[in-house]
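> This is what each chain is made of:
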Amino acid sequence: MREAISVPYLRAGFKEWLFTTDHKKIGLMYLTTSYIFFLVAGLFGLIIRFEQTVPGQQVVPPDFYNYLLTGHGAVLLLWWAIASHIGGFGNFLLPLMIGAKDVAFPRLNALSWWAFFGASVLVLLTLIPGNHIKMMWTGYPPYSASGDAGVTALYVFIIHLIGISSIATAVNFITTYIKMRAPGIHFWNTNMFVHTLIAANVIQLVGVPSLAGAVTMLLLDKYLGTNFYNPAKGGDPLLYQNVFWFYSHPVVYVQILPVFGFFSEIVPTFARRPLFGYKSMIFAVWGITLLSFEVWIHHMFVSGVPDWARVIMSYTTILIAVPTGIKIFNWMGTLHGGAIILRSPMLYALGGIFMFLIGGLTGIPNAMVAIDLGISDSLFIVGHFHYVLGMALTLGLFGAIIYWFPKMTGKMYPEGMGKLSFWLTFIGANLFYFFQMVVGMLGNPRRYPDYPPIPEWVTLHQIQTVGAVILGLGVLVFTIGIIKGLLSGEKAPDNPWQSQSLEWRIPSPAPVDNFGEEHPKVEPDYHPYKYGAPPVF
Amino acid sequence: MEQVLAYPAKWWYDAVTVWLVVAVVIYVVVAVPGLYFIMKYRFKPGEREVGDHERHGHWGLEALWTIVPTIIVLVLATYSFAVFKKQRTAPPDAMTIKVTGFMWGWQVEYLDDKGNTIKTVVTSFNPTSYDIPEDQKIVVPAGKPVKALLTSLDVIHSFYVKPARITEDMVPGRITHLWFQINKPGEYWVFCREYCGTGHSHMFTKLKVVPPEQFALWLKGETNLAKSEINKEVVR
Ligand code: HEM
Ligand SMILES: [Cu+2]
Ligand SMILES: [Cu+2]
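Protein sequence lines correspond, in order, to chains A and B.
Under my numbering, think of the first position of the first sequence as 1, with each following residue one higher.
Under my numbering, think of the first position of the second sequence as 1, with each following residue one higher.
Treat each hint with caution, since some may be false.
[What the hints assert, rightly or not] Derived Cβ-Cβ restraints for the label pairs, each shown as a range:
{"hint": "1", "chain 1": "A", "residue 1": "505", "chain 2": "B", "residue 2": "55", "range": "23 to 29 Å"}
{"hint": "2", "chain 1": "A", "residue 1": "125", "chain 2": "B", "residue 2": "58", "range": "51 to 57 Å"}
{"hint": "3", "chain 1": "A", "residue 1": "114", "chain 2": "B", "residue 2": "135", "range": "56 to 62 Å"}
{"hint": "4", "chain 1": "B", "residue 1": "127", "chain 2": "A", "residue 2": "36", "range": "34 to 40 Å"}
{"hint": "5", "chain 1": "A", "residue 1": "226", "chain 2": "B", "residue 2": "153", "range": "19 to 25 Å"}
{"hint": "6", "chain 1": "B", "residue 1": "55", "chain 2": "A", "residue 2": "516", "range": "17 to 23 Å"}
{"hint": "7", "chain 1": "A", "residue 1": "19", "chain 2": "B", "residue 2": "127", "range": "48 to 54 Å"}
{"hint": "8", "chain 1": "A", "residue 1": "101", "chain 2": "B", "residue 2": "39", "range": "40 to 46 Å"}
{"hint": "9", "chain 1": "B", "residue 1": "89", "chain 2": "A", "residue 2": "175", "range": "35 to 41 Å"}
{"hint": "10", "chain 1": "B", "residue 1": "211", "chain 2": "A", "residue 2": "224", "range": "37 to 43 Å"}
{"hint": "11", "chain 1": "A", "residue 1": "101", "chain 2": "B", "residue 2": "35", "range": "40 to 46 Å"}
{"hint": "12", "chain 1": "A", "residue 1": "442", "chain 2": "B", "residue 2": "124", "range": "23 to 29 Å"}
{"hint": "13", "chain 1": "A", "residue 1": "458", "chain 2": "B", "residue 2": "153", "range": "52 to 58 Å"}
{"hint": "14", "chain 1": "A", "residue 1": "187", "chain 2": "B", "residue 2": "74", "range": "27 to 33 Å"}
Just so you know, the hints here were simulated from the structure itself, not pulled from any lab data.
Computed from a predicted structure; not experimentally measured.
Every residue gets a Cβ at the ideal spot worked out from N, C-alpha and C, and that includes glycine.
Work out the full structure, taking the sequences as your base and the hints as a guide.
In structure tokens, the structure reads:
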């Protein structure tokens with residue numbers, strides 16, 4: 001055992017954190033930042049939720065509401081749903097899982113982090129009155145190019161900085177995976193998390209430039225008088241939507257694929273058996289990645305694009321259900337014949353999978369263009385993606401935080417708080433998001449701070465608020481659990497879950513030099529899910 | 001035969017029902033065995049400590065759950081395609097109106113046979129209530145298809161005819177369209193569903209569906225419908 005060099009991160013000096021190029025420290029900084037932003041944006045969500053409880057204006061005026069909703073959407077999508085697992089877990093785990101010393105370009109990695117940090121500062125600047133942006137995270141022109149939308153430039157620069165950070169990270173991770181694997185680690189014994197991470201970064205590499213282009217043209221239109229999107233001068237607002245969604249649809253797979261990775265790590269460990277259909281899982285990941293760029297029109301089914309485009313993309317969109325379904329079936333197959341231990345990471349992962357099933361099934365009507373004409377821009381859509389992002393993704397991330405907490409901090413996350421926060425979050429979120437979909441089916445438009453006093457709508461909104469409060473409590477308990485774990489958690493063993501994967505072979509918390517040598521020794525028959533022996537607890 | 005309230009809502013409801021049945025069946029088929037496995041294959045010290053580590057997959061099963069879902073979703077998409085064609089194609093006898101969105105309201109123009117505007121309804125922005133003055137409701141004849149040509153003066157808006165379950169965006173510089181037919185006289189909600197700024201949630205009006213004879217009179221300006229027989233309670 002190499003206990004001696006296993007320095008807890010909290011004890012590293014400020015200077016070391018500031019100038020670090022260590023992938024683990026960078027990962028932790030990403031994760032911490034994303035988590036804090038998640039809390040703030042979640043609070044925004046609660047305020048929005050309270051405003052909708054009954055018709056009329058109660059809590060915040062519409063302009064401030066629109067700012068809160070813009071912030072809620074943008075921050076949760078870019079910080080919580082991307083930076084937390086790509087920047088956070090990706091950085092921390094990728095080199096450990098493939099048996100490397102660091103990422104391929106550690107200094108580029110630090111650059112990624114600082115660009116991301118810059119974007120985070122810009123987000124905080126929008127909190128200052130007068131800097132509010134209220135064009136929603138989608139930022140459609142002509143509205144976003146109008147004076148009513150707020151400081152468009154801030155939005156554009158946030159996207160630019162995040163974009164630089166994402167592209168640098170993508171280059172870095174892909175190179176790391178190709179070049180830095182320990183001898184013995186190959187395509188067919190790589191962790192699912194790494195497979196999904198690489199697929200997500202391929203999407204980033206291809207897609208981010210498109211988003212950057214869309215918002216750059218927006219910037220030029222608004223401040224320098226160009227007319228890319230100005231119909232009065234021959235421009236076209238739909239150009240923005242096309243270029244925007246060319247990236248921003250695939251981005252939902254950037255968001256969810258690594259979470260599929262978490263599920264695939266956690267489920268076999270706590271079912272004590274190999275991942276079912278490992279190979280078809282890999283095919284499914286790449287199938288989703290390829291298809292993800294052929295479906296963006298489904299965000300524009302009622303935008304006025306030609307009917308033939310809608311029909312084609314209706315087919316491509318619905319086909320994504322197939323590889324996604326394969327993954328769900330394989331997780332179920334993993335449960336079959338397992339020796340299932342319901343520790344809190346497993347609870348979170350299973351909860352996430354079952355909720356993803358609902359998220360997937362409620363995605364089908366959005367793909368069926370005939371149904372979408374009636375539900376587009378309604379709260380049904382919002383409920384659907386909350387099932388995917390607010391539940392599958394969030395539960396997956398919470399599970400992952402508990403699961404790798406020992407490796408990151410050297411302490412155990414308090415199990416009781418893990419279980420309690422799971423049930424609160426799970427019940428509250430279902431109560432909230434399910435009825436959000438129902439009221440949407442009844443016609444309630446999205447992005448409405450106020451709505452007419454239709455009795456069924458009012459009842460449904462009140463149920464949602466009750467759900468959101470319970471959900472808020474769950475998140476609070478989870479957060480207290482993190483703090484408690486950090487301060488007074490039990491000391492973590494090196495491999496508390498008896499996992500077979502490489503990252504658990506080193507001490508907890510992971511020492512500065514990872515494996516101590518260039519690469520760990522990987523047995524010829526190594527496989528991350530080779531569960532066979534009884535766990536020793 | 002039961003009277004259909006509105007088109008294309010009728011087909012939309014059918015499609016939603018089809019989806020809901022398929023979704024619930026799939027949910028049960030996946031979730032029930034899943035929950036059962038979680039109950040049954042539980043870790044028990046001394047008794048069941050290792051999972052089945054022989055089976056890494058099963059090509060037959062994996063092929064099955066690739067092929068069957070592919071067929072299901074292709075059938076659903078094709079069915080939706082057929083409905084979509086009906087939703088997007090207004091019947092030839094449809095009456096045309098022009099609707100123009102602005103921040104935050106609509107201007108509705110009624111046309112004569114030659115396409116000249118003969119009557120205009122303009123809604124006004126009311127940020128505090130959802131009451132609508134009588135002369136700001138969009139009047140249409142019951143039982144007759146209406147094709148709406150949509151555009152916008154400023155930012156993107158949309159036109160959602162709630163009883164007909166149909167939306168289309170209103171894009172400046174473009175003309176988009178949708179059609180609907182409401183068979184039962186009454187008042188129905190119309191909303192903007194594309195985010196358009198501060199007044200977005202108060203961009204609304206009501207559709208006032210009246211018998212065709214009354215509509216003709218209204219169009220000629222011979223009635224303001226103030227004494228119309230319509231039951232005001234029917235608001236959907
Ligand atoms: C913490 C609990 C959460 C609460 C209370 C909450 C609440 C809400 C509410 C009330 C809306 C407004 C719906 C509307 O009227 O249009 C909304 C929208 C949204 N939420 Fe959440 N949400 C939560 C978590 C999340 C998470 C975890 C994500 C993503 C990872 C997320 C992503 C979004 C997005 C993208 C929108 C749409 C914003 C827009 O329309 O531009 N939310 N949320
Ligand atoms: Cu999408
Ligand atoms: Cu609007």
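> Would you list, in rising numerical order, the hints stated earlier that this structure does not obey?
Of the numbered hints given earlier, those the structure breaks are 6, 9, 10 and 13, listed in rising order.
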